[in-house]
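*Asks:* The residues making up each chain are set out below.
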Amino acid sequence: MTTATADFDVRRHDSLGLRIQHVLHANPVLGPLAVLIVAIIAFSIVNSRFFSAPNLSLVLAQVTVIATLALGQTLVILTAGIDLSAGAIAVFSSILMANFCTKLNMPGLLALLLGFACGTAMGAVNGALVTRIKLPPFIVTLGTLTIFFSLNSVVSRSETVRGSDMPDLMTWTGTTIPIGNFRLTYGSIIMLALFAYFFYALSSTAWGKHVYATGDDIEAARLAGIQTSRVLFSVYTVAGLLYAVAGWILIGRLASASPNVGVDYNLDSITAVVLGGTSLFGGRGSVLGTLIGALIVGVFRNGLQLAGVEVVWQGFAIGLLVLIAVSLDQWIRKVKT
Amino acid sequence: MRDLFMPRAGRLVAAGCAATLVLGTAACGGGDSGGGDSGGGGAGTIVGLITKTDTNPFFVKMKEGAQQQAQKQGVQLQTFAGKQDGDNEAQVQAIENLISAGAKGFLITPSDSKAIVPSIDKAKQQDMLVIALDTPTDPPDAVDATFATDNYQAGKLIGQWAKAKFDKGGKQAKIALLDLNANQVSVDVQRDQGFLEGFGIDVKDKARIGDESDPRIAGHDVTDGAEDGGRTAMENLLQKDPAINLVYTINEPAAAGAYQALKAAGKEKDVTIVSVDGGCPGVDNVTKKVIGATSMQFPLKMAQMGVDAIAAYAKDGTKPEKSVDTGVQLITDEPQDGVDSKDSAWGKQNCWG
Amino acid sequence: MSTEAAAARGGGSATANGAPVLQAKNLTKRYGKVTAIDGSDLELYPNEILAVIGDNGAGKSSLIKALSGALIPDSGEIYLDGQQVHFRTPMDARSAGIETVYQTLAVAPGLDIADNLFLGREERRPGVLGSVFRMLDRKHMRSEAKRHMNELGVATLQNIGQAVESLSGGQRQAVAVARSAAFGSKVVILDEPTAALGVKEGNRVLQLIRDVRDRGLPVILISHNMPHVFEVADRIHIQRLGRRATVITPKSHSMSEAVAIMTGAAPPPPHSA
Chain P
1 MTTATADFDV RRHDSLGLRI QHVLHANPVL GPLAVLIVAI IAFSIVNSRF
51 FSAPNLSLVL AQVTVIATLA LGQTLVILTA GIDLSAGAIA VFSSILMANF
101 CTKLNMPGLL ALLLGFACGT AMGAVNGALV TRIKLPPFIV TLGTLTIFFS
151 LNSVVSRSET VRGSDMPDLM TWTGTTIPIG NFRLTYGSII MLALFAYFFY
201 ALSSTAWGKH VYATGDDIEA ARLAGIQTSR VLFSVYTVAG LLYAVAGWIL
251 IGRLASASPN VGVDYNLDSI TAVVLGGTSL FGGRGSVLGT LIGALIVGVF
301 RNGLQLAGVE VVWQGFAIGL LVLIAVSLDQ WIRKVKT
Chain V
1001 MRDLFMPRAG RLVAAGCAAT LVLGTAACGG GDSGGGDSGG GGAGTIVGLI
1051 TKTDTNPFFV KMKEGAQQQA QKQGVQLQTF AGKQDGDNEA QVQAIENLIS
1101 AGAKGFLITP SDSKAIVPSI DKAKQQDMLV IALDTPTDPP DAVDATFATD
1151 NYQAGKLIGQ WAKAKFDKGG KQAKIALLDL NANQVSVDVQ RDQGFLEGFG
1201 IDVKDKARIG DESDPRIAGH DVTDGAEDGG RTAMENLLQK DPAINLVYTI
1251 NEPAAAGAYQ ALKAAGKEKD VTIVSVDGGC PGVDNVTKKV IGATSMQFPL
1301 KMAQMGVDAI AAYAKDGTKP EKSVDTGVQL ITDEPQDGVD SKDSAWGKQN
1351 CWG
Chain E
2001 MSTEAAAARG GGSATANGAP VLQAKNLTKR YGKVTAIDGS DLELYPNEIL
2051 AVIGDNGAGK SSLIKALSGA LIPDSGEIYL DGQQVHFRTP MDARSAGIET
2101 VYQTLAVAPG LDIADNLFLG REERRPGVLG SVFRMLDRKH MRSEAKRHMN
2151 ELGVATLQNI GQAVESLSGG QRQAVAVARS AAFGSKVVIL DEPTAALGVK
2201 EGNRVLQLIR DVRDRGLPVI LISHNMPHVF EVADRIHIQR LGRRATVITP
2251 KSHSMSEAVA IMTGAAPPPP HSA
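Residue numbers (my numbering), protein chains in the order written: chain P, 1 to 337; chain V, 1001 to 1353; chain E, 2001 to 2273.
Since the hints were made in silico from the structure, they are not lab data.
Please note: incorrect hints may appear among the correct ones.
To be verified - Label-pair restraints from in silico Cβ distances: (1) P:GLY225 / E:SER2254: 48 to 54 Å; (2) V:PRO1215 / P:LEU323: 35 to 41 Å; (3) P:ALA307 / V:ASN1097: 19 to 25 Å; (4) P:ALA307 / V:ALA1115: 43 to 49 Å; (5) V:LYS1263 / P:ASN105: 23 to 29 Å; (6) P:GLN330 / E:ASN2047: 27 to 33 Å; (7) V:SER1100 / P:ALA307: 32 to 38 Å; (8) P:VAL309 / E:GLU2123: 52 to 58 Å; (9) E:ASN2047 / P:GLY225: 47 to 53 Å; (10) P:THR175 / V:ALA1243: 37 to 43 Å; (11) E:ASP2038 / P:TRP331: 38 to 44 Å; (12) P:LEU323 / V:ASP1340: 37 to 43 Å; (13) E:ASP2038 / P:LEU323: 43 to 49 Å; (14) P:THR175 / V:LYS1342: 54 to 60 Å.
Claimed, not checked - Derived pair list, reagent style EDC-like, types lysine to aspartate or glutamate, alpha-carbon separation capped at 20 Å: (15) V:LYS1174 / V:ASP1144; (16) V:LYS1083 / P:ASP165; (17) V:LYS1206 / P:GLU310; (18) V:LYS1288 / P:GLU310; (19) V:LYS1174 / V:ASP1141; (20) V:LYS1122 / V:ASP1087; (21) V:LYS1114 / V:ASP1167; (22) V:LYS1288 / P:ASP264; (23) V:LYS1124 / V:ASP1150; (24) V:LYS1174 / P:ASP165; (25) V:LYS1348 / P:ASP165; (26) V:LYS1288 / V:ASP1316; (27) P:LYS334 / E:ASP2055; (28) V:LYS1061 / P:GLU159; (29) V:LYS1072 / V:ASP1316; (30) V:LYS1263 / V:ASP1284; (31) V:LYS1083 / P:GLU310; (32) V:LYS1263 / P:GLU310.
Glycine residues also receive a C-beta, built at the ideal position from the N, C-alpha and C atoms.
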């Protein structure tokens, strides 16, 4: 009813570059999505075998473990943190659950749940160190990475546990079911369900808003009344649980629990998050982007092999993509007010 | 807000403790001094064992063999390992530690055959006996002796076996090669090229993987020597060429992963997998018909010979033979004419891990 | 010190009506050997803008932090609406109705206007969706955000769903001020609201502050900007050497006189509480 007393300036007319910047800023998923689509088209042209239901199902199965790890990693990176122990927690959890049901003869379900609990606890250790001792997440998870990795060697004695020695529940995630012409593993279905759940949680719950606010500007969040310590602790703990689930899915894929796998998982999970447009500085990004990022890596690996490109260039391509993604993120962040 | 009231000193102490814990663990992860592992007191002679990692079962068994032999010989064994394959730094530090500990000599599986040589020279200047195990240095005579598997021969045996099998069945081969990584490391190159030569394929440059042009080769991919890499590599190669019926793998974990991929594609009965290692899980896989044939290595023998050699050197200065091939034995349950092999039952008796 | 304390009491002009909404008595805070506030008082009356000015080190920000719950004083009392209160955290102060807009604004740049308005006080959907699924009622929060902004006369924000970082400094300040006025608060404290703004936007924010007061919320305004202080304040609390030196009004004293009292160049006049 009152005339607008505080009448602020309307935005000026922008150039195309600025407009693209704004669009990408509002929807950081568009960049990665474009890359994924272009890659799929390109690889399909080079080798028609690429764009077939069996092959695409394969790519999905191949990225499932990394995608699950990357989901937990996304939560951590959204708070401007980083988790270098992701792979170590996943592999160690898988070894623990495998040993629970073989050496300790526990029933499958109990071993599985206990394995999840262990992963969650490991995540909680990270969370406690970050929020209590207030060390930077990089340092904390660098330390816990080594600790969990060493414990992994000790517990497993470097031995692989065979799938045939474990209850069926352990390897269940590797079972496939046909959906139309596609063959999905239960592991992939679990992964997609988890992504859907966290997509919802981050966008439509107070917790989600607090995660973004904490990552965006932790002081501002604190002053606004958010209990940032609790938010940070919850993020690392939930991530630990997700890593343990990834460990379970890994057992299904390999039909065994091996302590020596996943050497690169820590970095691979971060790569997927970064390629998906989530900013390493916190507060920007989405889990949808991470899923796309994981798919990009899988598509490139599979597509380049089908195209007959030498393996050494696969790593080169991914590295280049990461640099482009981070540079793009920097550019997008520069949106002027 | 409570942060305002936590005294500065308290926070510094907490940070200091955590930092020490972190750094201490990181340091321990890189090298573990197993001093006193093998008691017996002995003459106080210190023998070192430096492996690439302490997680790969191959090196775990090597270490166990060395420890047992050290006990027998009454010498003290100190063990070290890198964090991962290629961790040269940790091995350099290990050599320095052994020099200051006054070790009489050490055994080493070099992570980087070239880069470790300067450190080895330092050790030899101290009159230490240095023996390379499993992987030669570059140049090979940088060390006093090398006790290793002839990896080329290991590859050749499985290649010859596969050729005989395919010729017998009159089958045309379509070959997938699952290698270690993109770095062209010696063990990777030797096994891959040995296999191809054994099979009768022109390898062009023996020191390079992937320069062949024989149409029987469907493709190469890398596995990192583990199950997950094996599975993904096999899946992608199979997509590239569904007619693949022979798979060479760098080691048995990669083979296990490849098998899972074949099984998921329903092809496990039609495809033959060959591998190298001779670990007990791998031999089990031969019994289970997962792996058609594998070349067995003898890491325990390497370690035992190595410890014996250094003990002898410490006693009276005798140096061992410059190079000993610790042997490769083909293990298979489908013996082929013209290729000597032993069955998996024998393999079970002599496997490691 | 004691002569000054004596001089700080007594007459002087003040427009006090009724009982104070917020009152601080004898607040003290020491950090080791350093005394931040030393027996400081403050009164805030209904429907007024009280500016708090003082040189660096005068204890201005510590005093305000004590009132907003960001600092627990060693001794002294705080009364809100006549009742004594003890704040252990900023949340306590906020729950009691004291809203503070910090210099840094405490907005999450990546979240939108509605999200920021409700940050820490999000509304959930009624029923199962809210309690079990914890789903936020975005539509309602958005419409409420629009309403609050309009009531404060802040129109022409193109899109209530746009990220706060894409707003100008003045617009962001408006969001932060709207947030402080929106939740049944009793007192609004603004810390250097015009410091980072240009002339035009600064004046608009001053108008915003007047609107808040006119809607019935008393405002404590901390500022270094003398022209702004003199333009908008009803009374001016001058903080010096850890305690209140005096309270003046824009009518009773000039800007240079105020600055002189602040820096100690001139003795503070006595004032009536």
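*Asks:* Which numbered hints are broken by the structure, listed smallest first?
*Replies:* 1, 3, 4, 6, 7, 9, 10, 11, 12, 13, 14, 15, 16, 18, 19, 21, 22, 23, 24, 26, 27, 31 and 32
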